[in-house]
Amino acid sequence: MPNKTFFWFFLPTGLAMVLFIGLPIISTGVQSFYAQHDQVVKEVKKCDPFGCTVSIVVDNEETTKIREAKPLGKFNGFGTYVDRNHLATEEIKKFWNETETFGEFVDQVTNLPFYKALIFTLTYCIFVTPNVLLLGFIIALSLNAISRKIRGPLIFGTILPMIVTPLVGSLVLFWMIDSQGIIGANIQNLMNDPYLSLKSSKTLTWITIIIYGIWHHSPFAFVVFYAALQTVPQEPIEAAIIDGASRFQRIKHIVLPHIYPVVTFVALISLMDNFRVFEPIIGFSAEGSAQSLSWLIYDNLVNEEVILFGSAAATSMMTIIGIAILLAPVLVRTWKEFKTAR
Amino acid sequence: MRKILVTLLFLLFGTSAYADCNIKSGSINILANDFPALRTFVETSKQCKGSADFKVTHSSEHNKIAVPALTANPSEFSARIAANSSIVPLMNQDLIRPLDDLVKKYGKGIQDSQLITIDGKVMAVAFMANTQHLYYREDVLKDLGIAVPKTYEEVVAASEKIRASGKMQYPYAAAYKAGWNLAEEFVNMYIGHGGEFFKSGSAEPNVNNAKGVATLNMLKKLSELSNPDYLTHDSEAIKVEWESGNVALMTLWASRSGTLLDDEGDANITKATKLTGPATVGGGNIPAATLWWDGFTLAKNRSDADAEATFRALAHAASNKKMVADAADQAVWLVEGFVPGPKSIGVIEAVKMGAKPYPMLPQMGLMHGALGSEIVEFLQGKESAEQALKDVEAAYTSKAKEQGFL
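Protein sequence lines correspond, in order, to chains R and L.
Residues 1 to 342 (the numbering used here) make up the first sequence, in order.
Residues 1 to 406 (the numbering used here) make up the second sequence, in order.
One or more hints might be untrue.
Derived lysine to aspartate or glutamate pairs resembling EDC-like cross-links, with alpha carbons at most 20 Å apart [stated by the list, open to error]:
1. R/42 / L/234
2. L/121 / R/90
3. L/401 / R/178
4. L/401 / R/90
5. L/64 / L/234
If you only want the chain L side, here are some residues facing chain R, beta carbon under 7 Å, derived [to be verified]:
6. 89
7. 178
8. 179
9. 259
10. 260
11. 261
12. 263
13. 339
14. 340
15. 341
16. 398
17. 402
Cβ-Cβ distance ranges computed for the label pairs, FRET-style [to be verified]:
18. L/386 / R/106: 52 to 60 Å
19. L/43 / R/94: 52 to 60 Å
20. R/324 / L/64: 52 to 60 Å
21. R/67 / L/105: 27 to 35 Å
22. R/269 / L/53: 53 to 61 Å
23. R/157 / L/270: 21 to 29 Å
24. R/23 / L/386: 42 to 50 Å
25. L/139 / R/44: 31 to 39 Å
Honestly, the hints are just simulated from the structure, not real lab data.
Glycine included, each C-beta is placed from N, C-alpha and C at the ideal position.
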């Protein structure tokens, strides 16, 4: 495609991307450097059906004046980024000086909200992504080998987890693992422990969410792999069969190299999706045991009666940076291949 | 035939004439939480909408919608049914209007005690009161010879006895869902211990003390007597637990008593479900509970005509003797003419015992949020009480700094 044609072809998408993705990210970035103005409060008398008290309220007249002068708020630089609820640089320095063993230090650091969330998010990514790739590939291979007659319904059944809305999918599982649900009650019977609860133990909650993640994301990998498998040329495979290659050898030396670019693509998308894990935490009511970076943003925006725009913006920016770091190796590799291919 | 028609017409116009407040124009759009009493209240105000537009959104997610929706100009809603805690963000952002003029003009029938005044200005009109108090199963307590608990220490002892008897494995329930609900339980228990959330006259946190530790220890004891999934249980979930007969003692909102005592569900359980006042804790004499009011506020960013129409419709409900008589079961109404029934015992006892209202402070929402997420690890046994409270204060402090309170 000539560059000029490509330009016109890409223009509408590019514009939409700048408008709906680029500008909001810039605006979020700017927001993250600002905090609210100092609150001007005054003492007033408050009366309600239960009696009167003297207490404080925000002085709206004064606040409006300050806000009109500086609508963005108070410039805070990286203040929000380094405070305790984010990178917590000062706290970490303090822990480093105060703690005696490294284990104690790690304990203290992982008790900070941002690192707690980061650890869960990374654990989720590390366990879900490879398993999704593997499971998706195995399902695609098996379905590809099955008689064409029953393949249609089977494919449909396999992609069901992806069709089901994430929240609904997680809610269904949530009810099943309830201590009186079908899975929860059976596990209690099996382990002979009436106090065993999948929802109250942190480890078990994490495992549940990870299994849910694999279940939910595998169909995506499967669909892409299955499509890629259709393009594998038959001649080399037939030649390999004649040469006496086993099934495993055929997959390793012919199929995998052929669909390798697709594997990279699926890995990229999965990593990105998994790093933003959010719905299962809400669906499983797992806020107590598992928090992800996306959940932190949500928490800052809606869970409190006061909306913390600065905090949410800072966490958003760090999530974007986190995804960029995670994807960097794969992107660099793709870029190198692209260059050698030319 | 003609007679029937005339009668019908008469009935039709008769009823509407009875309820119509003669509102000629304007549009009314209400945002409210979702429980039976509020539905009744809004329905009552709808009767008098006249020719005004009438819309309502009942949502349990009302807190998340309110501030953004009222910030818009013109605001999406003309009125918001708020409570002690949810009026604060609206006040902080200057999103609601004073109601003095409207009360003077159209507020006939609204009692003075219903008016929420801040700095001498009427900012909301309350119509019902709420609190969390104890519910107990009379049959279970009687069988085991346990007296109705008056303190949380007695609740613990009673629950242990019920568990030991083998009748129930998890005899106690309260809404301990991580987040808002759990924080609310802490607030109740901390107030019961006589705690103050902030150092006097400032927004500096003040929960990391002996009272805070005692509060956490009591919450932990109670959680050990609850269903192990307690961190995922909200008011609705424990209501279901109760109705399944799994629980004998429970702390729950007064506004939910109606659904517990209705005809649905096991008749034996319903019959044995009894209400009593909130418990005290740690030898204190004020109950470990907070008093709440629900009332209506009007959006500032909405035309005066809409505000007037909305006020008239809502004031009609907030002074409606027929409504409080018909729906006496649904809530403890603050409206004139309300005769408290058996389902109001909890709130009335709480007021008699001198329960404190939920603190209406600008920075309280941040404290509530910090509590909801930071005390979880203590309950899970992963952290000491002191560490959890230290975390609460630290989390609150950085949020309050960002928000300009410190």
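Quiz item: Quick one, is the residue 259 of chain L hint okay against chain R at 7 Å, beta carbons?
Solution: 20 Å, violated
Quiz item: Going by Cβ atoms only, is residue 340 of chain L closer than 7 Å to chain R?
Solution: 14 Å, violated
Exercise. Mind checking the CB of residue 261 of chain L against every CB in chain R and telling me if the closest is under 7 Å?
Key: 24 Å, violated
Quiz item: Per the hint of 42 to 50 Å, is the separation of the Cβ atoms of residue 23 of chain R and residue 386 of chain L within bounds?
Solution: Because 46 Å falls inside the window, the suggested range holds.
Quiz prompt | Pairwise hint evaluation, residue 234 of chain L against residue 64 of chain L, where the allowed Cα distance is 20 Å at most | solution = OK: residue 64 of chain L and residue 234 of chain L at ~17 Å, within 20 Å.
Quiz item: Does 31 to 39 Å hold as the CB distance between residue 139 of chain L and residue 44 of chain R, or does it fail?
Solution: 50 Å, violated
Quiz item: Quick one, is the residue 402 of chain L hint okay against chain R at 7 Å, beta carbons?
Solution: 5 Å, holds
Quiz item: Against chain R, is residue 179 of chain L within 7 Å by beta-carbon distance?
Solution: Where the cut-off is 7 Å and the nearest Cβ of chain R is about 6 Å from residue 179 of chain L, the hint holds.
Exercise. Look at the Cβ atoms of residue 67 of chain R and residue 105 of chain L and judge whether their distance stays inside 27 to 35 Å.
Key: 32 Å, holds
Exercise. Could you grab the alpha-carbon distance between residue 42 of chain R and residue 234 of chain L and see if it respects the 20 Å cut-off?
Key: Judged against 20 Å, a Cα distance of about 36 Å means the pair is violated.
Practice problem: Could you say whether the range 52 to 60 Å given as a hint is met by the Cβ separation of residue 324 of chain R and residue 64 of chain L? | Solution: 30 Å, violated
Self-check item: Closest C-beta approach of residue 398 of chain L to chain R relative to 7 Å, hint status
Solution: 4 Å, holds
Hints 1, 2, 3, 9, 10, 11, 12, 13, 14, 15, 18, 20, 22, 23, 25 from the earlier list are contradicted by this structure; the remaining hints agree with it.
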